[in-house]
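Full structure from sequences and hints, please.
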Amino acid sequence: MKVELQVNGARRAVEVEPRMTLVDCLREKLDLNGVHTGCEHGICGACTVLIDGEPARACLIFAVQADGYAITTVESLAPAPGELGVIQDAFCETHGMQCGFCTSGMLLVAHALLKRNPEPTREEIVEAISGNICRCTGYGQIVEAIALAARRLAGSNVGVEPMP
Amino acid sequence: MKAAPFDYVRPASVEEACACLAADPDAAIIAGGQTLVPMMAMRLARPSRLVDIARIDALHGIRQESGAIVIGAATRQATAGASATIAARLPLLAAALPYVGHAATRARGTVGGSVANADPAAEIPLVLTTLRGSIVLRELAAARTVAVDDFFLGPMVTATPTGACITEIHFPVWQGARIGVGFQEISARRSDFALVAAAAQIALDADGRCTACALAIGGASAVPQRHDAATDALVGSRLSDDAIIEVARAAAGAIDLMSSPHASDGYHRRAAATLGARALMQARDDAMRRSGALS
Numbered sequence: 001m002k003v004e005l006q007v008n009g010a011r012r013a014v015e016v017e018p019r020m021t022l023v024d025c026l027r028e029k030l031d032l033n034g035v036h037t038g039c040e041h042g043i044c045g046a047c048t049v050l051i052d053g054e055p056a057r058a059c060l061i062f063a064v065q066a067d068g069y070a071i072t073t074v075e076s077l078a079p080a081p082g083e084l085g086v087i088q089d090a091f092c093e094t095h096g097m098q099c100g101f102c103t104s105g106m107l108l109v110a111h112a113l114l115k116r117n118p119e120p121t122r123e124e125i126v127e128a129i130s131g132n133i134c135r136c137t138g139y140g141q142i143v144e145a146i147a148l149a150a151r152r153l154a155g156s157n158v159g160v161e162p163m164p
Numbered sequence: 001m002k003a004a005p006f007d008y009v010r011p012a013s014v015e016e017a018c019a020c021l022a023a024d025p026d027a028a029i030i031a032g033g034q035t036l037v038p039m040m041a042m043r044l045a046r047p048s049r050l051v052d053i054a055r056i057d058a059l060h061g062i063r064q065e066s067g068a069i070v071i072g073a074a075t076r077q078a079t080a081g082a083s084a085t086i087a088a089r090l091p092l093l094a095a096a097l098p099y100v101g102h103a104a105t106r107a108r109g110t111v112g113g114s115v116a117n118a119d120p121a122a123e124i125p126l127v128l129t130t131l132r133g134s135i136v137l138r139e140l141a142a143a144r145t146v147a148v149d150d151f152f153l154g155p156m157v158t159a160t161p162t163g164a165c166i167t168e169i170h171f172p173v174w175q176g177a178r179i180g181v182g183f184q185e186i187s188a189r190r191s192d193f194a195l196v197a198a199a200a201q202i203a204l205d206a207d208g209r210c211t212a213c214a215l216a217i218g219g220a221s222a223v224p225q226r227h228d229a230a231t232d233a234l235v236g237s238r239l240s241d242d243a244i245i246e247v248a249r250a251a252a253g254a255i256d257l258m259s260s261p262h263a264s265d266g267y268h269r270r271a272a273a274t275l276g277a278r279a280l281m282q283a284r285d286d287a288m289r290r291s292g293a294l295s
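The listed protein sequences derive, respectively, from chains A and B.
Residue numbers for the first sequence follow the working numbering, beginning at 1 and rising by one.
Residue numbers for the second sequence follow the working numbering, beginning at 1 and rising by one.
Quick caveat, the hints were computed from the structure, so don't treat them as lab data.
There's no promise every hint is true.
A few chain B residues facing chain A, derived, Cβ under 7 angstroms [to be verified]:
1. Y8
2. Q34
3. P38
4. D52
5. R190
Small disclaimer: the values here were computed from a predicted structure and weren't measured.
Positions of the beta carbon are idealized from the N, C-alpha and C atoms, including for glycine.
In structure tokens form, the structure reads like this:
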């Protein structure tokens with residue numbers, strides 16, 4: 001079936017079998033390998049993308065269901081090739097990642113949170129990432145990273161980097 | 001972990017969706033897909049065709065009717081959770097929604113989907129049972145309403161016939177002055193399935209006496225169970241802690257337990273008694289704080 005997605009601001013038409021999930025479509029048809037295939041049944045959060053701006057599991061939606069929707073992946077978070085966004089920088093500085101498998105999902109959840117709520121409490125950060133599993137960090141540094149990014153964004157005049 | 005092949009159709013209306021279902025007994029409805037897609041990935045479900053109802057306008061929306069809030073089946077859980085109408089008029093559902101999956105699944109998952117799926121641990125069916133709600137089914141040209149007590153038949157089994165589509169869910173709004181709600185749940189980790197969940201709603205008169213009381217417990221039995229026989233003892237009382245603990249213990253004893261690999265029968269009853277009492281006390285204290293009707 002033919003499906004048209006708005007991926008990171010660009011219109012992308014793809015031909016998919018109905019049974020192809022959105023995560024497989026993004027990785028295999030559109031070479032967006034920043035979205036990770038983890039448990040494939042909605043538990044781990046590694047495949048988190050933003051659908052119309054809200055975090056959602058790309059393994060729990062078939063690509064055909066997403067026809068016409070705006071999909072944001074981690075690839076859109078860097079302001080330019082070779083650079084990192086404010087949230088990504090904060091994850092590096094606080095060691096908010098180790099193996100990196102959960103990181104793209106965590107970054108997108110953080111991005112959506114800070115866009116909606118620029119000054120989250122620690123509890124709000126914990127709640128926001130509660131659907132994403134990290135087996136390396138113990139979460140402490142991830143919470144720290146998001147809090148650091150929030151402070152930096154509050155101190156700058158750019159806000160959360162614009163989404164395409 | 002990939003779904004078996006299937007056909008996909010996206011009908012424009014409920015009538016068309018029902019016609020698609022009638023034409024193929026192995027077709028399945030998909031709305032948010034937050035339960036069906038993983039079931040398909042694990043090949044626990046192998047529908048021949050998915051009938052996607054997520055974009056049918058008539059299945060969306062939250063409206064007030066006399067004595068009830070009516071929620072369209074394809075209304076997303078996140079939409080319901082952000083609704084000022086639900087927060088004001090249906091506080092028990094508002095209290096339960098944060099426990100439904102997590103934010104990323106509530107963004108796609110629907111109110112009707114949770115009801116259709118009938119997971120014994122699911123929060124929306126528990127609230128519907130507590131409030132004695134009803135479900136509107138559409139089958140080709142015929143629509144009918146089923147009371148919640150006749151709807152949930154077993155784990156993942158409902159009275160929805162093959163080929164029917166849930167169109168809306170009616171949640172009764174209690175009339176009267178001071179109404180309070182309580183919702184309590186325990187799970188192995190945040191956003192995981194409830195081992196036990198308890199929902200309570202209480203109405204008080206101006207004097208602080210209980211005029212109505214409902215308690216339902218889910219997770220421990222095949223379907224959520226409302227415990228009217230136990231809570232009737234509280235009507236007319238001032239809801240002392242001791243009386244509530246007694247009633248919650250009676251309710252927990254009346255649960256038709258479903259054995260589970262995750263917790264023992266004894267644990268289920270103890271947790272049900274504790275969470276039932278907490279939910280009732282939370283509802284009482286909430287009602288005490290309110291001076292007027294749900295508005």
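We went through each hint and held it up to the structure:
{"no.": "1", "hint": "Y8", "in the structure": "4 angstroms, holds"}
{"no.": "2", "hint": "Q34", "in the structure": "5 angstroms, holds"}
{"no.": "3", "hint": "P38", "in the structure": "4 angstroms, holds"}
{"no.": "4", "hint": "D52", "in the structure": "6 angstroms, holds"}
{"no.": "5", "hint": "R190", "in the structure": "4 angstroms, holds"}
Going down the numbered hints, you'll see the structure goes against none, and every one checks out.
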